[in-house]
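Listed here are the chains, written in short residue letters.
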Amino acid sequence: MNAVRIATTVNGVRYERDVEARMLLVDFLREELDLVGTHVGCEHGVCGTCTVLMNGESIRSCITFAVQADGQEITTVESLANGDMHPLQEAFWEQQGLQCGYCTPGMLLRAQEILAANPDPTREQVKEEISSNLCRCTGYAFIIDAVLDAAQRMRTIGGEPAPGADQEPATEVPEVPERVPGGEEARA
Amino acid sequence: MTLTEHPPTRVVSGERKWVGQSIRRLEDPKFLLGKGGYIDDMRVRGMLHAALVRSPHAHARIASIDTTAAKQLPGVFAVVTGADAAELTDPMPDFGPAPDKTTWRCLAVDKVRYVGEGVVAVLAESRYIAEDAADLVEVEYELLEPVVDPEAALRDDAALVHEPLGSNVAYERTFTFGDVERDFADSEVVVKDRLRWHRSGGQPLETVGAIANFDRGTGMLTINTNTLSFTSYLFLLAGTLKVPANKLDVIPHPAGGSFGSKLWAVKVSAIAGMLSKVSGRPVKYLEDRVDNIANCDHHGSDRVYDVELALSREGIMRSMRVRSLDDYGAYIQFGVGHHGNALAQVTGPYRIGSVQYTVTAVMTNKCQQGAYRGFGSEVNNWMLERMVDLAAKELHLDPVEIRRRNFIGKDEFPYYIPTGNVYDSGDYERVLDTALELADLDRWRAEQAKAREEGRYIGIGLVTCAERSVFSATEFWFWFDEPGAPVTSMPESVTLSVDATGGITATLYSCAFWGNSPETMVAQLVAEEFDCEPQDVSVVYAGSRNGLPATGPGGSRTTVMLAGAVEGASGRIKDKALKVAEHLLEAAPDDLEWAGGGVQVKGSPDKRKSLADIAIQTHLFKHSLPEEIESGLEASKVYDHPYTTMPNADRSNLGVFYPFVGHACHIPIIEVDPQTGEVTFLKYIAVHDCGTLVNPRSLAGHITGGTVQGIGTALFEEYVYDEDGNLQTQSYMDYLIPTAMEAPEFVIGHCETPSPWTPHGIKGGGEGGRMMAPAAIAAAIDDALAPLGVRATALPATPARIVEWIESAWAR
Amino acid sequence: MKPAPFTYHRATTAKEAVEMLAAAGDEGTVLAGGQSLVPLMNFRVAQPAHLVDINYVDELDYIRLDDGWLAIGARTRQAALERSGDVAKAAPLLSEAIRSVAHPPVRHRGTVVGSVVHADPAAELPACVLALDGELTLEGPNGERRVPAREFFTGPLMTAKQTGELVTEVRVPARNGEGGGHALVEFSRRHADFAVAGAAVSGDAIALFGVADTPVRATDAEARLAGGADPAEIAAAATDGLRPNGDVHGGSAYRRRVARACVERAIRGARNGGGAS
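Residue numbers (this note's numbering), protein chains in the order written: chain C, 1 to 188; chain Z, 1 to 812; chain G, 1 to 277.
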């Protein structure tokens, strides 16, 4: 084994470890540090399921070696909640921006990055930005709703509420139409 | 009540508190926090890791395998060849037509039958080392002629995928439902076409994985996995692994997506279990992405259709003849069940009176088929709507008008279609009208006209499709006049227990969670029964040992079946609670009613006992209760399929096997770039009617998610095998899953025409938009390129294919 | 899909990197962004025995205007190029093109030089450097040399770089508002995918990608472009002689057709003031 000593900060905690040079960052996080929130999807850098932040920027941890995290700061999904859920997590929950949850940690971090750069994005902007991350379950509609919802929550935290620009509405899910009570009793 | 009559008709109450609410999902917090508990999140002390050596060839004899170097690599515990595996395990469980002739094993034995088939399993300290060792295994192959094209596979001189079968046809039969000859003779118009649906697959972001732990002390094999379906059939997996059925325990984990591909995906468990027995250590086998693309046992349908649709001059559809050649790949684990899914709704929402259906299942050197969202019925929807549109064109009828003329009317339900299956309820006109209203077609037709003047091609597609739900066991065997195992059980179970504080726990018994919302569904249903808060219901999953029979998700069955089980279990608890309350309140049974989450004397709400009051009595105060009341407050319900009838002897009627049938209308608006063949979406209108909705937003998520998968199927996704059987799409650079930019903006509508036969009138809707989207998009492409005379007859309609169609239309 | 074992070498200067590469001989590969390399390693299609990591070579992280050239060091991330005002002025084609290169998370790590050296025939940056008549600076055991883009791309994923050499820089002539319009038009199956085919136009230069084993300059067509011919005619001239390879995303004739549409649209785009699509 070709072991390399690295020192890396993950979610604010400093770690020193000897790692095999070929160990992928996603495996380092999951197996060495027991941070299983970051998931393995395609293992070749296309799906974005393994997204983490390095020095605040989103990267794909399945095509990054752990040795490249030496001296860097890594942020994973586990950093978002601090007792309470982060507004992003609340927004995804409220909007049902997840179904199986597997792409969700990567999506949350990408969303965090998107909103840090642009706190008031349009629907189109969100759509383009999250296209870096695949979701197989939702068809993206409610993920976009969730990011826009989070943007609003985050604009109103920590000070004055800041209204957003005019945006297209969230995906409309109609009210369940009025039921016809007992309407089916005719059928025997 | 025997299960051969339809269930009693229910009156669906309009007054509900929790069913119908789009509450936040109970499932979500753990996933949001990164604590999902997926199979790879689990670690067992001493656990080893497996990797496979996969075949690089489509068809070859295995001449020799040298594992010496692999075994000598430090950190390697075992290297198991297919021949070794054939001693350690029996063949895989197989519901196909002739398992002894198309024998399927967890690793290939004397020959490999598709690129990606597992040949050798390596067990090592880490996945990294296991792969290093896999690279050191030397396999010598003698190449055989690959069988790739499904029609070429039928030729007498074709090489055989399975020599014992004697041909490449695993199954062939023609079914005739109704008087097809007469109906064709009576029809003035017959439209005919050949259609080609190429295989794609679920491709969830999480692959299949299992951690098997064989305890040599107790003989118990415990398997943790993200696939647990058909628990009553697990004895077959035990048989494969050569352990007694009562020494196998399978424990479910949440699955990171499935879309059918984790339905009974037992090969991964078999490999892990085998390696654990061999090594005496816990073993994790987690498919990597290439394993899951190439070796998943769950490719989707791969069909050539030759279809004739017979109509009157006024466009009234009378009959159809369908010949379906289906490329099943190298094995056929579910037989032709996919065609059962088709036959459940073969005539769509129309009054077609007779059907002739020929299915030819051909074997080729490809990964076998399994389940993919729709399970073969979405393919039928596409085929049927293509024919309806062809007829409309031939008869110069508007696509909306021809559909209206043929709809089953809302007063005609329950409606038995020619195959014998029943549609429980529906109001197709209402769904269509709702969709048309949402679609604002006048505006889009105007845009289309303007675009044409500019040389741009906008298209509007419209389809109306059936969406069956809740399959019966009969669709596995009604293919045979003398089936070996004419099974009739396909249940789902729930246990409800009330603790001493009145808190309710619901236990589920399969891998119920794939990304659907079983916890939320159950919580809302339980809350409806007991007037508690859904978020106070604790929902847990039990493994198969001590587990009740359960089927798991598939065929959009979960919500209906869980609803039946919850209703049954709730009823039993309420019965017992009433008896306890009689005693506590010193009242007669007739004077009591269940209200507000407790039992009270009718008309005297102050004389009541809450569920908690009752529960604590049952748990702690036995001597205060009548003798016949046992301690505890818990009940289970094994909810069997509520409406299944047997096929008749000659199979001219298959009986009822998929009775709860929803409906949807999809209207995509697209633009096609004639230079590149690119399709972009301008809008997507989808209106679904799945009966009563438990959680409308959750169902809407299946509409959007299912539709985007349907877009993938229609435009992007294909497992491409070249003429030598090489799989050309072994990564996500070539197998293209839609990103957010390929997803349209949706306008969603719901209608609710309740089922008369299910709790609350619920129908299944989880397969969602994928059932309709491929058909709708084909229609939109035709409409866009109508000036060029293009008709989409194959799928995926990739840009290159669309250009090909444009070019041949030019040439004509 | 885990990579095969390798020996890891970390350089902190360009000179060190070159020494490490020389020592590794045929078995050495540079690890920069890794966005192309590591996927290949995970598939075990690439199994370099030695990886020379240049991510800690700070001296190669630069975007400089230098004597009429815009020079980009080997450690410079694609995202930095995207943000750079200097690049927007001096080589606006690159600024436009970079937005079509994969997705932001990939551009956070991927390097400009890395993409050029990887030389995927369907990639945007090699074609842009070719269109701009750029140069690659290589450092090796025998010192430094420069190779013009026209000579650099020798085959699919193949370049004129020799074993033991490190490409330290790519540079293109700096514009100062002169040089005519520019545009990059490509067609890909999905947003941000590799192109099925594409065209980069800058002034009178036309470079095509996804159409051959390397990016190509459409020199015949360029004469017509300079002569002000009709875009459709120029596009035909640029693509008629091409024989692209086919793959699952399209056959040869299809790619040619797409390339032609891209050339025509790029020329129109360039004439209308530049842009990417």
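Worth flagging that the hints you see were computed from the coordinates, not collected in a lab.
As the structure is a computational prediction, the values presented were derived from the model and not from experiment.
Here a beta-carbon is modelled for each residue, glycine too, at the ideal position from N, C-alpha and C.
Errors might be hidden in some of the hints.
[Stated by the list, open to error] Stretch by stretch, here's where chain Z covers chain C in the computed footprint (C-beta under 8 angstroms, at least three residues):
#1 8 to 21
#2 26 to 40
#3 93 to 99
#4 124 to 130
#5 135 to 143
[As the list claims (entries may be wrong)] Reference excerpt, derived from the structure (chain G facing chain C, CB under 8 angstroms, subset only):
#6 Tyr8
#7 Thr12
#8 Thr13
#9 Gly34
#10 Gln35
#11 Asn42
#12 Phe43
#13 Ala46
#14 Gln47
#15 Gly68
#16 Ala192
Verification of the supplied hints:
1. With a cut-off of 8 angstroms between beta carbons, the segment 8 to 21 of chain C has 1 residues touching chain Z; three or more are needed, and the interface restraint is violated.
2. Counting residues of the segment 26 to 40 of chain C whose C-beta lies closer than 8 angstroms to any C-beta of chain Z gives 7; at least three are required, and the coverage claim holds.
3. Counting residues of the segment 93 to 99 of chain C whose C-beta sits closer than 8 angstroms to any C-beta of chain Z gives 5, which meets the bar of three, so the coverage hint holds.
4. For the segment 124 to 130 of chain C, the stated coverage by chain Z is satisfied: 3 residues place a CB nearer than 8 angstroms to a CB of that chain, which reaches the threshold of 3.
5. As drawn, the segment 135 to 143 of chain C meets chain Z at 9 residues by the rule of a beta-carbon pair under 8 angstroms; at three or more, the given contact holds.
6. About 4 angstroms separates the beta-carbon of tyrosine 8 of chain G from the nearest beta-carbon of chain C, less than 8 angstroms, and the hint is met.
7. With a least beta-carbon distance of about 12 angstroms to chain C, the hint placing threonine 12 of chain G at the interface is violated under the 8 angstroms criterion.
8. Taking 8 angstroms as the C-beta contact cut-off toward chain C, the hint placing threonine 13 of chain G at the interface is violated, the least distance being around 17 angstroms.
9. Restraint check, glycine 34 of chain G versus chain C: the minimum CB separation of about 6 angstroms is within 8 angstroms; hint holds.
10. Given the 8 angstroms rule on beta carbons, the hint for glutamine 35 of chain G holds: about 6 angstroms separates it from the nearest Cβ of chain C.
11. Contact between asparagine 42 of chain G and chain C, as hinted, is supported at the beta carbon level, the nearest pair being about 5 angstroms apart and thus within 8 angstroms.
12. At its closest, the beta carbon of phenylalanine 43 of chain G sits 7 angstroms from a beta carbon of chain C; the interface hint therefore holds under the 8 angstroms criterion.
13. At about 12 angstroms, the closest approach between the beta carbon of alanine 46 of chain G and any beta carbon in chain C exceeds 8 angstroms, and the interface hint on this residue is violated.
14. A cut of 8 angstroms between beta carbons decides the hint on glutamine 47 of chain G: the least distance to chain C is about 10 angstroms, and the hint is violated.
15. With 8 angstroms as the threshold, the beta carbon of glycine 68 of chain G stays out of range of chain C, its nearest partner Cβ sitting at about 32 angstroms, so the hint is violated.
16. Because the beta carbon of alanine 192 of chain G sits about 7 angstroms from the nearest beta carbon in chain C, less than 8 angstroms, this interface hint is met.
Hint compliance for this structure: hints 1, 7, 8, 13, 14, 15 are broken, all remaining hints hold.
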